[in-house]
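**Q** Heads up: the protein sequence lines correspond to chains X and C, in order. When you line the first sequence up against the working numbering, it's residues 1 to 395, in that order. When you line the second sequence up against the working numbering, it's residues 1 to 395, in that order.
Please keep in mind that the hints were generated in silico from the structure rather than gathered at the bench. Predicted model only: the values in this text are computed from it and were never measured. Among these hints, one or two may not hold up.
[What the hints assert, rightly or not] Here are the simulated DSS-like cross-link-like pairs (lysine-lysine), alpha carbons at most 27 Å apart as the crow flies:
no., chain 1, residue 1, chain 2, residue 2
1, C, LYS187, X, LYS114
2, C, LYS77, X, LYS22
3, C, LYS46, X, LYS114
4, X, LYS49, C, LYS46
5, X, LYS187, C, LYS4
6, X, LYS4, C, LYS49
7, C, LYS160, X, LYS4
8, C, LYS389, X, LYS77
9, C, LYS4, X, LYS160
10, C, LYS187, X, LYS4
11, X, LYS46, C, LYS114
12, X, LYS13, C, LYS49
13, C, LYS49, X, LYS46
14, C, LYS22, X, LYS49
15, C, LYS13, X, LYS114
16, C, LYS4, X, LYS195
17, X, LYS4, C, LYS114
Protein chains: 2
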Amino acid sequence: MNYKYANRIERVKPSAIRELLKLGADPSIISFGGGYPDPEIFPIEKLRKVYDQVLQEEGRLALQYTGTEGLMALREKLVNRVKQIGISCCVDNLFIIQGGQQGLDLAAKAFIDKGDIIITENPTFLGALAAFNPYEPEYVGVSMDEDGMRMDELEAALQKHPNVKLIYTVPEFQNPTGVTMSLERRKTLVELANKHNVVIVEDSPYREIRYEGEDLPSIKSFDTEGRVIHIGSFSKILSPGLRLGWLIADRALAEKLSLLKMASDTQNSTLNMYAVNRFMDMYDLDEHIVHIRETYKHKKELMFQTLHEAFPKSVAYTNPQGGLFTWLTFPQHIDTKILMQERSLPIAKVGYVPGESFFPNIQEKNHCRINYSYMSEENIIRGITNLGKLVQEIC
Amino acid sequence: MNYKYANRIERVKPSAIRELLKLGADPSIISFGGGYPDPEIFPIEKLRKVYDQVLQEEGRLALQYTGTEGLMALREKLVNRVKQIGISCCVDNLFIIQGGQQGLDLAAKAFIDKGDIIITENPTFLGALAAFNPYEPEYVGVSMDEDGMRMDELEAALQKHPNVKLIYTVPEFQNPTGVTMSLERRKTLVELANKHNVVIVEDSPYREIRYEGEDLPSIKSFDTEGRVIHIGSFSKILSPGLRLGWLIADRALAEKLSLLKMASDTQNSTLNMYAVNRFMDMYDLDEHIVHIRETYKHKKELMFQTLHEAFPKSVAYTNPQGGLFTWLTFPQHIDTKILMQERSLPIAKVGYVPGESFFPNIQEKNHCRINYSYMSEENIIRGITNLGKLVQEIC
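So here's chain X without its partners, still in its complex pose (with noise of 0.2 Å):
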């Protein structure tokens, strides 16, 4: 049948890139794609005990529903966890949602009429601009330095829209550039926000992985009007399998935010919150942190290491302090899709993301996105040696 959808369906296309990424998912393949962690690192004995303890001790609460904003347990403890990065909050504040995916959904559905304008870093992340897309905003990128988003830039931005209604950063090793954002361009940010009234989304799933450098504190603890959005996850510190992130709001917006979660999907697993939170009364969460760091601090140094080698001086890489990606950015005539689709994936077996689709507007072709905390220390070798030389013949 001819399916009569709503008009913001236009927005809501599967990329190629998608379909390329799929084409990656061949075990011949070496990929450096996806944003996968390293499933070494996932401390599966002790989320046995954890899940059996749970199941045997609670079994009929976790297995029931609870509330639209999470287990009361875990959110006190995330509530006590951000004071940390300068957060002070209540569990008012702070509920538990389906990833950090799910934040931005309900930023958006809650912010954006068609028209209204997000502003992001150029580039941006492409999970993002699929989150936001449906509710049809136009978008606004600002350009990034090493310092992170470029303030003068977005004040021009700020002051030439008026219906600029959210402000949408990584401020920690970015996705995709792997650029953090520094100290004083937070403070300028909230500033900018303030004066202008718009919210900002901090979108921060990579902030506990650093490994290098000193932690900055979140550009929510700079917000004195309750104007940011803070989201965070437990997708790169413990497992995405489990799809548990929190979102942190003033009183009255994380209400409403709440509300439409509970339209959107009732709430989270009760089992998968009553398993974390048992986790972290069971076990530090902190110390299994430091063994991630560690863990993809080598795998980072290793693939630098191989760039280094095998790639010629004109393909240019960010230098990221923590996270999982790295931005590679060859040459000018350099189209890094038709790289991948006709020699990387089929002559040196590797896979990368294309950084094309990572802009919200004026899709540069000559970047890719990519990542060193899935592949095996072997494979990460093996494979940028591959693409090195596939580089090396045609820059």
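Following the hints, position chain C against chain X.
**A** Frame of chain X, contents of chain C only:
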């Protein structure tokens, strides 16, 4: 700050009912309000074995990301399972959702522009109204009799309103009335939808909880044009705390809907999908469902016997052949919300859901929904007896 919300937020309000139900969380209250399964029937020991084995044998996969559509082995099992209800489909037609509720959100997100019409049963599931409201539909409610939605009224509504996008129905043991749509009407419904080019959302969370009468084929089984979205759920047949359901649609439509799911929350819990898949390998889900049916049949009979003894003849109630609810109709002058607030909660210490919020347009005040799955046998007798005494005084 003064948030510049999207227009749709005007439609997102905490209901007075929700506030009343929070009072019902007081442990001294016997609450017939929720739609909770009996926690006594959760197969806790079996699930302990299942989670233990999944984590031991497949932990690295089960804790990792997976595709938006969900675990292939589980989708294959469900494709097989729905053959029993006359649905012939393949894995491309079926994906896993975050409980039935998410299916309702996705359907409205795909089809509803502001002002489009959704036809619902009158009364209808209030969670569906909550899911649909943010997309700013108008509603047309169609009366029900003991065979479900009245087809003469539906046809008149379709003729009168050219911009109907969806017909929403809970065909078995409807929430809130407990009524089941007859075979004849299922066929007629599809014919009318074909004639007027409208999509049907068939929400079937209760269909396997039948303890009297014959199973009926699903509405989807009569769909020759790909216009029925069928939604099923593990919440009532296994556990709501796992948040797993499934959605079946024509291939092109299923692809759009799963793209919307990806945008909303990436995917369901991988671990819970592995666990349910293994549960179905290790144990007989149908045998478990037989046990649920027996339990609820007994509780329903107990409640009906008590209603019969304790309530005046002026209060009518539906006699469902399955599911979790009956629907009480009081004399016209009784407002069940005021009754609950002023007498039932404070005096009888009994909660229920006042009927008004189940009506999309004109809210009838003299009904309430009573759940019989959750409370213990003792509390069913005590609660209904106490409520009956109170009702005797005023009817």
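**Q** Would you mind marking each hint as holding or not holding in the structure?
**A** Okay, the hints, checked on the actual structure:
Of the supplied pair hints, the one linking C:LYS187 and X:LYS114 is violated, its CA atoms being roughly 39 Å apart against a limit of 27 Å. Distance restraint check for C:LYS77 and X:LYS22: the Cα-Cα separation of roughly 23 Å lies within the 27 Å cut-off, and the hinted pair is therefore satisfied. Proximity of C:LYS46 to X:LYS114 is assessed by CA-CA distance (about 49 Å); at most 27 Å being required, the pair is judged violated. For the proposed pair X:LYS49 and C:LYS46, the alpha carbon gap of about 16 Å is at most 27 Å, so the pair holds.
Distance check on the hinted pair: X:LYS187 and C:LYS4 sit about 22 Å apart at the alpha-carbon level, within 27 Å; holds. For the given pair, X:LYS4 sits about 47 Å from C:LYS49 by alpha-carbon distance, which is inconsistent with the 27 Å threshold. Proposed proximity of C:LYS160 and X:LYS4 is supported: the alpha carbons are some 18 Å apart, at most 27 Å. For the hint linking C:LYS389 to X:LYS77, the alpha-carbon distance of about 45 Å lies beyond 27 Å, and the restraint is violated.
Distance check on the hinted pair: C:LYS4 and X:LYS160 sit about 18 Å apart at the alpha-carbon level, within 27 Å; holds. Distance restraint check for C:LYS187 and X:LYS4: the Cα-Cα separation of roughly 22 Å lies within the 27 Å cut-off, and the hinted pair is therefore satisfied. Restraint check: the Cα-Cα separation between X:LYS46 and C:LYS114 comes to about 49 Å, which exceeds 27 Å; the hinted pair is violated. Taking the CA atoms of X:LYS13 and C:LYS49, the gap is about 41 Å. The hint is violated against a cut of 27 Å.
With a CA separation close to 16 Å, the supplied pair C:LYS49 and X:LYS46 stays within the 27 Å bound. Restraint check for C:LYS22 and X:LYS49: the C-alpha separation of about 34 Å exceeds 27 Å, so the hint is violated. Restraint check for C:LYS13 and X:LYS114: satisfied, since their Cα atoms lie roughly 21 Å apart, inside the 27 Å limit. Simply put, C:LYS4 and X:LYS195 have alpha-carbon atoms about 14 Å apart, close enough for the 27 Å limit, and the pair holds.
With a C-alpha separation of about 14 Å, the suggested pairing of X:LYS4 with C:LYS114 holds against the 27 Å cut-off.
Taken one by one, the earlier hints fail for this structure at numbers 1, 3, 6, 8, 11, 12, 14, listed in ascending order.
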